[in-house]
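For my numbering, add 2 to where a residue sits in the sequence shown, where the first one is 1.
If you're looking for bench data, these hints aren't it; they were derived computationally from the structure. All values reported here derive from a predicted model rather than from experimental measurement. Any given hint might turn out to be false.
Computed list of lysine-lysine pairs in DSS-like fashion (alpha-carbon distance at most 30 Å, straight line) [what the hints assert, rightly or not]:
#1 Lys74 - Lys51
#2 Lys59 - Lys74
#3 Lys34 - Lys51
#4 Lys59 - Lys34
Okay, the calculated beta carbon distance ranges per label pair [as the list claims (entries may be wrong)]:
#5 Phe45 - Val13: 34 to 44 Å
#6 Leu47 - Ser25: 14 to 24 Å
#7 Asn15 - Lys74: 16 to 26 Å
#8 Leu84 - Ile29: 13 to 23 Å
We put the CB at the ideal spot given by N, CA and C, even for glycine.
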Amino acid sequence: MDDSGLRGGIVVNASEGGFLIESLTDISVGTKLEIAVLYPKGFELANFKVMAKIVWKEPYSKEDWKGDPYWKGYQYGLEFILILDEDRWRLNLLLSGRYNVEQMLTTNEVRAGRKTEF
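Could you build all of it, start to finish, from the sequences and the hints given here?
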């Protein structure tokens, strides 16, 4: 949060309490992150934001799983420390498989004008 640099990662697993992510970036356990999670909404990308803390980290190689000796990075266990109610709702829809574009659009229209910030 104190560093303005952007970093990328891939969410490998998700729950209501946090994420398992893979990233090329070496980040210390205990670091707090502001995360924008991108997901498809029709032909566009939508997002929601969470604040999370790295609770564990392990070096990771795709060779271990998929035979790619050139990919090296880290797996991180992230625990949510702040997520807005509207973003928790979006996450729960995605997790439950009940993701409905029309429902998401209707909710976004109702919430228009409210800026999501931490």
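Taking the hints in turn, this is what the structure says about them:
1. For the hint linking Lys74 to Lys51, the alpha-carbon distance of about 27 Å falls within 30 Å, and the restraint holds.
2. A distance of roughly 13 Å separates the Cα atoms of Lys59 and Lys74; the hinted pair therefore holds under the 30 Å criterion.
3. Pair hint Lys34 plus Lys51 holds up; C-alpha atoms about 13 Å apart against a cutoff of 30 Å.
4. At roughly 13 Å between alpha-carbon atoms, Lys59 and Lys34 fall within 30 Å of each other, so this suggested pair holds.
5. The hinted window of 34 to 44 Å between Phe45 and Val13 is violated, with their beta carbons roughly 21 Å apart.
6. Distance hint check: the CB atoms of Leu47 and Ser25 are about 19 Å apart, consistent with the given range 14 to 24 Å.
7. Under the hint 16 to 26 Å, the C-beta atoms of Asn15 and Lys74, about 20 Å apart, fit the expected range.
8. For Leu84 and Ile29, the Cβ-Cβ distance of about 18 Å falls inside the hinted range of 13 to 23 Å, so the restraint holds.
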